[in-house]
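Engineer: Read off the chains here:
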Amino acid sequence: MADSAKLPTPLRYLLQLLAYAAFAAVIGFFSAKPAYRQLADNEAVVKLSFSHSAQLRQPCRERSAEELAKLAPNMRSKQDCPRERSRVAVELDMDGKSLYRIDTPPSGLHDDGAATVYRRLAIPAGPHRFRARLADGPDGKFNYHHEADVDLAPGQVLIVDFLSGSGGFVFTHGR
Amino acid sequence: MAATSFPPPTPSLSVLSALSTLRRGEERLSGTFDHAFDPADNPWRHLGALAFLCLVVAVASGAIAYALYDTSVSGAYQSGLRLQNDPTMLGRLLRGLHRYSADALALLTVLHLLREAVRGHYRGVRWFSWLTGAPLVWLLWIAGLTGLWLLWDSRALYSVTATAELLQALPLAPDLLARNVLTADALNDRFFSLIMFIHIGVPLFLLAAMWVHVQRLSRPRLWPPRSLAIGCLVTLSLLSIAMPAESLGPADTGHVSASQSIDWFYQFPHPLADIASATAAWLLAFAFTALVIALAVLPRMRRSSAKGNVSLPVAQVNLANCNGCSRCAVDCPFGAVEMIARTDQRRHPRQASVIADLCAGCGICAGACPSSTPFRRIEDMVSGIEMPGASIASLREELKRGLASLDGPDRVVVFACRNAADHAALRNTSTLLMRLECAAMLPPSFIEFAGRLGATGTVIAGCREGDCEYRLGDQWVQQRLSGAHEPHLRAVVSRDRLHVIWSGQDIAQVQAAVASLRGGMSGKSSNQASDKGTERVTHSSEAHHD
Ligand code: HEM
Ligand code: SF4
Ligand code: SF4
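Read top to bottom, the protein sequences are chains G and F. Residues 1 to 175 (the working numbering) make up the first sequence, in order. Residues 176 to 721 (the working numbering) make up the second sequence, in order.
Excised from the complex, chain G in its bound form (with noise of 0.2 angstroms):
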């Protein structure tokens, strides 16, 4: 470095103060600012979750005697259930229109494992109705059904969940 270049060393450490001051300004700033907006101001949340395993896909059936001859000694038993399970299709309706559909399969390498859905929805604030219906069996027909009217204060979440042991959708709701 040409000596003739280097500034005064008083101005030398204001600029090392000022190079520190920029330094924490961008760290401190960016440790909690600007805020990042993920609703409008008039917006609640719906979250539908649920993870649930389905009737198989096929009723257990006797096996004939035939078949039993025809099987290793060691697997012959007496019923023939496949583990595939159905799929799992849900909708979710807010006053009287759709707010989200699924049709989800079985996880698990052979289908034989539980249909799991996240979903995270915004919607107005306010009063609505909800509707959720869920099919489960190989028909594909709507077998649980849950109404509700909620009224949804700007920012509170409602939770649908799908307890198959409760006796199906839950619906619960934070204030």
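Worth double-checking, as some hints may not be accurate.
Calculated pairs, EDC-like style, for lysine to aspartate or glutamate (alpha carbon to alpha carbon, straight line, at most 16 angstroms) [said to hold, decoys possible]:
| # | chain 1 | residue 1 | chain 2 | residue 2 |
| --- | --- | --- | --- | --- |
| 1 | G | LYS97 | G | ASP149 |
| 2 | G | LYS78 | G | GLU67 |
| 3 | G | LYS78 | G | GLU66 |
| 4 | G | LYS6 | F | ASP213 |
| 5 | G | LYS6 | F | ASP216 |
| 6 | G | LYS33 | F | GLU421 |
| 7 | F | LYS575 | F | GLU623 |
| 8 | G | LYS70 | G | ASP80 |
| 9 | G | LYS141 | G | ASP80 |
Sample of chain F residues with no beta-carbon within 10 angstroms of chain G, all distances over it, derived [stated by the list, open to error]:
| # | residue |
| --- | --- |
| 10 | ASP261 |
| 11 | PRO395 |
| 12 | ILE530 |
| 13 | HIS660 |
With beta-carbon atoms standing in for the labels, derived distance ranges [as the list claims (entries may be wrong)]:
| # | chain 1 | residue 1 | chain 2 | residue 2 | range |
| --- | --- | --- | --- | --- | --- |
| 14 | F | PHE461 | G | ALA65 | 53 to 63 angstroms |
| 15 | F | PHE461 | G | LYS141 | 36 to 46 angstroms |
| 16 | F | MET264 | G | PRO34 | 23 to 33 angstroms |
| 17 | G | LEU7 | F | ASP364 | 56 to 66 angstroms |
| 18 | F | PHE461 | G | LEU68 | 49 to 59 angstroms |
| 19 | F | ASP449 | G | ASP112 | 29 to 39 angstroms |
| 20 | F | TRP313 | G | ASP112 | 25 to 35 angstroms |
The hints are simulated quantities; they were obtained by calculation from the structure and are not laboratory data. All values derive from a computational prediction rather than experimental measurement. No residue lacks a Cβ here, since even glycine has one placed at the ideal position from N, Cα and C.
With chain G fixed as given, assemble chain F with the ligands onto it according to the hints.
Structural biologist: The following block gives chain F with the ligands in isolation, referenced to the frame of chain G:
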């Protein structure tokens, strides 16, 4: 000229030219910091080291914080509040240091990556440092992201949910993850322990990966210069006090804030996934990683696929002239010289041996070797270690012929590093330009030799101080000339007639140095262009050969 100019370090000239514009901008930016900082303490030239400092601060403050934290779902949030409300401010300092050093680490890593990219440090021998840098980015992101979750405030809940949504886009069927934080009841201590495990394990792994990252460098600058380290620590501490890193409201699964404060250094993928899509965010991340890897791997694959093979210059050892002093091994910036047991019959116990894969072709070893001296019988003119195509003999020949062809009473020789700039404009009837791969390739004895051959002044020009393309060149030149490091420039050589200019692309500085040597020819010497280069030598014990 042909004798000292290597083929460029990469076969691809077009890449080089595309880089050169960016490179010039980078150097200008780096130069602006020199107005405030000592060139050796310039923060822009220590980005990796500053990042490492921040990593260590984050790990150390994290270890203390862990001791003070209740790591259960219900206790975590309260622990955060307790620390930030601690009346002694120590809790605030601790939280601030942990958070802001992590944020600074992200920023510094990105800048470090950009700087190394602009300088073309993904190719040549740097491929290893570059490639091992890629996983550091991922590890860093995972560490930072999970750290923000541990506070279990509303931002943490937002981020866990958004990350679950991100993971959902990957073909791993992880829709279940989101269910862990769907309701307050769903979140359990086991899930929380898992997050804690990741947040502690990944940074420790990061430290280990750092060790690998600098494996191929000799004398890696892991720690920034002391003044910078202090400046950085004081800045982070003051920031922690002035702008406390605080928890937001408690996590509430029943509520989403319309406007969410996020830490952009680690949580930027969430808005990105919202605006584009989760798939697009992943594609971007994978494309970035693929690009980083390709930059290092493709040129190597091309080179090893024999055809069009442009072999890089690799230092060669000449055993007859190697006394095993190990100076070359000490000075090599890339650890490319090993000292091994003698393979010939000579009495010296050891000899130098070059690991070709690690050699950057800088020639610094040739500048270090005691047998690289022009004061020898011409038939012995082979150094213990030297560059093919730029041997000591050819350098001597070029210097001799060049000086003989100059006119006038003031004959100046400029030894210029070809990586710093194209110094061709300096060449005229009374100035000899000698291009070197690195300024430190010049054995100091050549300066004395040039004087004997009638040069009235010598200029050594290289990259900016602390900015050497081969990492350590400027350091060795300064130490050799000041007598702090072998081989020395003998004390009898007039320092008034020698200017060392770390000017980078700024050729005007070199021109000014040449002019000042000319101006000083008849009267007093003028040293304005150089400080360290003209330091008096305090002791000298130049050994010319073995
Ligand atoms: C946690 C993040 C990182 C830290 C703390 C870090 C730190 C360092 C340090 C201390 C050095 C030694 C500098 C020297 O001695 O000259 C270095 C060198 C290097 N780093 Fe990193 N690094 C990080 C990430 C990266 C990344 C992401 C890349 C690029 C993909 C990268 C590329 C390089 C290269 C190419 C060098 C060699 C520079 C040279 O040979 O002059 N680093 N790094
Ligand atoms: S030229 Fe010499 S100093 Fe440079 S990398 Fe190769 S062995 Fe090391
Ligand atoms: S500096 Fe020269 S003499 Fe010394 S070990 Fe290296 S090659 Fe041999």
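Engineer: Decide, hint by hint, whether the structure agrees.
Structural biologist: How the hints compare with the structure:
1. LYS97/G <-> ASP149/G: 14 angstroms, holds
2. LYS78/G <-> GLU67/G: 10 angstroms, holds
3. LYS78/G <-> GLU66/G: Holds, at about 12 angstroms.
4. LYS6/G <-> ASP213/F: It holds: about 10 angstroms lies between the C-alpha atoms, which stays within 16 angstroms.
5. LYS6/G <-> ASP216/F: Judged against 16 angstroms, a Cα distance of about 15 angstroms means the pair holds.
6. LYS33/G <-> GLU421/F: Roughly 13 angstroms between the alpha carbons, so the hint for LYS33/G and GLU421/F holds.
7. LYS575/F <-> GLU623/F: The hint holds at about 13 angstroms.
8. LYS70/G <-> ASP80/G: 13 angstroms, holds
9. LYS141/G <-> ASP80/G: It is violated: about 24 angstroms lies between the C-alpha atoms, which goes past 16 angstroms.
10. ASP261: 20 angstroms, holds
11. PRO395: Holds, because the least Cβ-Cβ distance between PRO395/F and chain G comes to about 23 angstroms, which exceeds 10 angstroms.
12. ILE530: With a cut-off of 10 angstroms, ILE530/F remains clear of chain G, as the shortest Cβ separation is near 35 angstroms.
13. HIS660: The claim stands: HIS660/F keeps its Cβ more than 10 angstroms from every Cβ of chain G (closest is about 20 angstroms).
14. PHE461/F <-> ALA65/G: 53 to 63 angstroms: Since PHE461/F and ALA65/G have Cβ atoms about 57 angstroms apart, the given range 53 to 63 angstroms holds.
15. PHE461/F <-> LYS141/G: 36 to 46 angstroms: 42 angstroms, holds
16. MET264/F <-> PRO34/G: 23 to 33 angstroms: Because 27 angstroms falls inside the window, the suggested range holds.
17. LEU7/G <-> ASP364/F: 56 to 66 angstroms: 58 angstroms, holds
18. PHE461/F <-> LEU68/G: 49 to 59 angstroms: Holds - the Cβ-Cβ distance for PHE461/F and LEU68/G, about 52 angstroms, lies within 49 to 59 angstroms.
19. ASP449/F <-> ASP112/G: 29 to 39 angstroms: 34 angstroms, holds
20. TRP313/F <-> ASP112/G: 25 to 35 angstroms: 34 angstroms, holds
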